[in-house]
Amino acid sequence: MTQGFGRMLRKEDPRFVRGQGRFVDDIALPGMLHGAVLRSPHPHARILAIDTLAAEAHPKVRAVITGETLAERNLAWMPTLSGDRQAVLATDKVRFQGQEVAFVVAEDRYSARDALELIDVEYEPLPPVIDALRALDPRAPLIRDDLPGCTSNHIFDWETGDADKTQAVFDAAEVTITQDMLYPRVHPAPLETCGAVAQYDQVSGKLTVWETTQAPHAHRTLYAMVAGLPEHKIRVISPDIGGGFGNKVPIYPGYVCAVIGAMITGQPVKWMEDRSENLMSTCFARDFHMHGELAASRDGKIRAIRVSVLADHGAFNGTAQPTKYPAGFFGVFTGSYDLEAAHCRVTGAYTNKAPGGVAYSCSFRVTEAVYLVERLVDMLAYELEADPAELRMRNLLRPEQFPYTSQTGWTYDSGDYPRTLRLALEIAGYEDLRKEQLSERATGHLMGIGISFFTEAVGAGPRKHMDILGLAMNDGAELRIHPTGTAVLRISVQTQGQGHETTFAQIVAEELGLSPDDVEVVHGDTDQTPFGLGTYGSRSTPVSGAATAIVARKVRERARIVASAMLEVNPADLEWEPGRWFVRGDPDQGRTMAEIALAAHSDLELPDGVEGHLDASCVYNPPNLTYPCGAYVCVVDVDPGTGKVSVRRFVAVDDCGVRINPMIVEGQVHRGLADGIGMALMESIAFDAEGNCLGGSFMDYLLPTSLECPAWELGETVTPSPHHPIGAKGVGESATVGSPPAVVNAVIDALRPYGVKHADMPLTPAQVWRAIQGRPLRTDLAIS
Amino acid sequence: MTIRITVRVNGTEYARDVEPRLLLIHFLRDELGLTGSHWGCDTSNCGACVVWLDAKPVKSCTLLAAMADGHQLRTVEGLERDGRLDPVQQGFIECHGLQCGFCTPGMMMTARWLLDHHPDPDEAQIREAISGQVCRCTGYENIVRAIQWAAEHKT
Numbered sequence: 001m002t003q004g005f006g007r008m009l010r011k012e013d014p015r016f017v018r019g020q021g022r023f024v025d026d027i028a029l030p031g032m033l034h035g036a037v038l039r040s041p042h043p044h045a046r047i048l049a050i051d052t053l054a055a056e057a058h059p060k061v062r063a064v065i066t067g068e069t070l071a072e073r074n075l076a077w078m079p080t081l082s083g084d085r086q087a088v089l090a091t092d093k094v095r096f097q098g099q100e101v102a103f104v105v106a107e108d109r110y111s112a113r114d115a116l117e118l119i120d121v122e123y124e125p126l127p128p129v130i131d132a133l134r135a136l137d138p139r140a141p142l143i144r145d146d147l148p149g150c151t152s153n154h155i156f157d158w159e160t161g162d163a164d165k166t167q168a169v170f171d172a173a174e175v176t177i178t179q180d181m182l183y184p185r186v187h188p189a190p191l192e193t194c195g196a197v198a199q200y201d202q203v204s205g206k207l208t209v210w211e212t213t214q215a216p217h218a219h220r221t222l223y224a225m226v227a228g229l230p231e232h233k234i235r236v237i238s239p240d241i242g243g244g245f246g247n248k249v250p251i252y253p254g255y256v257c258a259v260i261g262a263m264i265t266g267q268p269v270k271w272m273e274d275r276s277e278n279l280m281s282t283c284f285a286r287d288f289h290m291h292g293e294l295a296a297s298r299d300g301k302i303r304a305i306r307v308s309v310l311a312d313h314g315a316f317n318g319t320a321q322p323t324k325y326p327a328g329f330f331g332v333f334t335g336s337y338d339l340e341a342a343h344c345r346v347t348g349a350y351t352n353k354a355p356g357g358v359a360y361s362c363s364f365r366v367t368e369a370v371y372l373v374e375r376l377v378d379m380l381a382y383e384l385e386a387d388p389a390e391l392r393m394r395n396l397l398r399p400e401q402f403p404y405t406s407q408t409g410w411t412y413d414s415g416d417y418p419r420t421l422r423l424a425l426e427i428a429g430y431e432d433l434r435k436e437q438l439s440e441r442a443t444g445h446l447m448g449i450g451i452s453f454f455t456e457a458v459g460a461g462p463r464k465h466m467d468i469l470g471l472a473m474n475d476g477a478e479l480r481i482h483p484t485g486t487a488v489l490r491i492s493v494q495t496q497g498q499g500h501e502t503t504f505a506q507i508v509a510e511e512l513g514l515s516p517d518d519v520e521v522v523h524g525d526t527d528q529t530p531f532g533l534g535t536y537g538s539r540s541t542p543v544s545g546a547a548t549a550i551v552a553r554k555v556r557e558r559a560r561i562v563a564s565a566m567l568e569v570n571p572a573d574l575e576w577e578p579g580r581w582f583v584r585g586d587p588d589q590g591r592t593m594a595e596i597a598l599a600a601h602s603d604l605e606l607p608d609g610v611e612g613h614l615d616a617s618c619v620y621n622p623p624n625l626t627y628p629c630g631a632y633v634c635v636v637d638v639d640p641g642t643g644k645v646s647v648r649r650f651v652a653v654d655d656c657g658v659r660i661n662p663m664i665v666e667g668q669v670h671r672g673l674a675d676g677i678g679m680a681l682m683e684s685i686a687f688d689a690e691g692n693c694l695g696g697s698f699m700d701y702l703l704p705t706s707l708e709c710p711a712w713e714l715g716e717t718v719t720p721s722p723h724h725p726i727g728a729k730g731v732g733e734s735a736t737v738g739s740p741p742a743v744v745n746a747v748i749d750a751l752r753p754y755g756v757k758h759a760d761m762p763l764t765p766a767q768v769w770r771a772i773q774g775r776p777l778r779t780d781l782a783i784s
Numbered sequence: 001m002t003i004r005i006t007v008r009v010n011g012t013e014y015a016r017d018v019e020p021r022l023l024l025i026h027f028l029r030d031e032l033g034l035t036g037s038h039w040g041c042d043t044s045n046c047g048a049c050v051v052w053l054d055a056k057p058v059k060s061c062t063l064l065a066a067m068a069d070g071h072q073l074r075t076v077e078g079l080e081r082d083g084r085l086d087p088v089q090q091g092f093i094e095c096h097g098l099q100c101g102f103c104t105p106g107m108m109m110t111a112r113w114l115l116d117h118h119p120d121p122d123e124a125q126i127r128e129a130i131s132g133q134v135c136r137c138t139g140y141e142n143i144v145r146a147i148q149w150a151a152e153h154k155t
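Note that the protein sequences, when read in sequence, are chains W and P. When the first sequence is numbered by the numbering used here, its final residue is 784 and no position is left out of the sequence of numbers. When the second sequence is numbered by the numbering used here, its final residue is 155 and no position is left out of the sequence of numbers.
Source of the hints: derived by calculation from the structure; they are not laboratory data. Any given hint could turn out to be false.
[Stated by the list, open to error] Label pairs and their calculated CB-CB ranges: (1) D82(P) <-> N570(W): 52 to 62 Å; (2) E13(P) <-> P14(W): 27 to 37 Å; (3) E426(W) <-> Y14(P): 54 to 64 Å.
Every residue gets a Cβ at the ideal spot worked out from N, C-alpha and C, and that includes glycine.
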């Protein structure tokens, strides 16, 4: 069947529904050993001694690796994706609870864990830095005494916008809103935890690593840099991945230890973390302490926004984001509104917590930006006693303002915001909902209606501005057309559930008039695919999707030249219709792609300067990000007695430009909406005063189930991206970014009879009940 | 120390010497090579490991392999019959009930059990049935639709 864009069932699914997916933990190699990590029980402690003798004596143990072992190879530390360094295995101190201290390689999974208990580590506990707001106090314990010249827990200061201009607008403003708000530490918690299988061929020197990674090429380059191995002798394979959401972008000590274990023992080593290890030690998300201010006129014109942020990055600065953006793309905090001025300052701090910050479908911290501005706008509506929908409609960017450059320098490519919001209100039946709310309130029932409007910034990115460790955030595609006309597309991005094997085949199909079934998509293997930075930040379609369209067009042009030789006409006299070049004015004279492909491999005499075959490759350097948007309406009911929130309805209208496969787009939106309910109401990694992680299992870190999620009500508007070859924008994270403020705004709206203006997420029953009492809690600490 | 256990999985009998502490999920995956069932959380919360023990869904991360001695098990690998997908499997494909595919086998095992006992469940019954399992990709709606599709396409 010939089909380009449109609903198409996924090519990936037949293997998954049969249980024949191949995830990292499904890989079993002959002679494979198993690794396990010993972790610190302390958030901050000096290591005085590590005794591994008893573990080494275990009959099934093959190697015990400590920081000291690694230091001999200069591998005790590794670079992070933010230019800091992180201990692979601790040598001097442990700096967060769950930090990696030793690695055991044994003959089976259970023996490796047994041996961990035989390792005796002598610690001298040190006072931990747990409260991020006190991390920069001069009296705070120093966490990073390993860094030469480091005298405080301060990591960076970053600012954007115009401070003076913003101050002037605030000075003259009729109304100002001020609110401290926390975007709590949450965790992406993909259902598959992180792990690796490493195999080292002692003869050829070839290292093969199967990894749970969203960025196999970047990992290969890092391995080459860290371990000093020649890059062409390293092959990173990302097989089927059980969800990533940013959790699987960084390199983790366990991966490195599996590699070292394989090199030391000469046998393949598998390391697979358990759920607690995943939640306690791998890349968390958010942890932004924001102080937001908004200036407006009395009649409801939003004039300026100012924000200062303390970003808790944990013990190592390990965020995965473009080098020049230490606070990610938080600079888009001006949201979807036309402001006169804006300013933002972000300070990063070390604490004795796991490293990370940029993850969980956040689009490099657009999540935090959207939450901030959408809460502030709702608070302005509260202050002015205005309808939050009308207030937004009044301030939204107008279609004729695009391309629009914001006060912080971001050029939004396209959108029709009022239309998107109007559609969401229409689907929700907004006016009737407000009427219902009034009558519900009269009977004491707490019903809330929350709105959010978001603009995303995705598709990193232009090489002039965006790199990670000096590697430009560009991606590639290679397309090979076989003699019989079927195709293989090799891409540098990698699916973790997004369905690339389907949608990328559809892009080729759309461009060349082939059936998607005749296009095999190869991804996730550095030996078989072109270089690129991988899949996160909703960048696959904006970057590699563009590369795919362009490479297909290159193939089409080559086909035109070959067809011209076949038909003995000038290439300029040929016209294209899906799947076929034909002579203008004489449609019967034409050649199909299959015929052209065969001829390209044959003894056909080709014009001078034209190589044989049709194959082509492309590296895509995006001229700009893409800016999808959306309008969300959430309806909740709150039980005043228990504080329990129930989400009754959720309407989501997304505009992500041209949709390659609407079924897959809608599925991605569904996922993000569930994320929003989770983050707004349930999910949190908090700590007690001693630095114990309180979200270390799924009994404590609560994820939304089928009972917390309503039946989603979706709508769409389509404003193509003017600079993307097929007009598409990224969408994978839109709903995760846009939905939390809609839920929170709905809950605060429900609590209006109690005069509640704000309460930090997660809005658990306890937190809502406390808010009703006028005493909402800090949700990052179990101390108050 | 090991003990001898005999189990029948998807109709095939297996006898193995296992450690008494071996979890059923690891027995199925590592000893029998049936890697369709997944290890997700250790605490019975996520349900990626759901299989049938004597025709009832159980979380195999919190059962010992020894507890399955003498019992019948059914896993995702046993859903397909005579080369034909179970309607539940087909429903997950038709309704886009999966993305990364990690929770899918456990979800489908619960769905098959539900439909065997309630051939025409309403949405609330479906949501209740899968509420002990976590999916991080779909927001559940398409899983609900997939199970409804299977109910409408009985074999």
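Here is what the structure says about each hint:
| no. | hint | result |
| --- | --- | --- |
| 1 | D82(P) <-> N570(W): 52 to 62 Å | holds (58 Å) |
| 2 | E13(P) <-> P14(W): 27 to 37 Å | holds (28 Å) |
| 3 | E426(W) <-> Y14(P): 54 to 64 Å | holds (59 Å) |
Consistency with the previously given hints is maintained throughout, with no hint failing.
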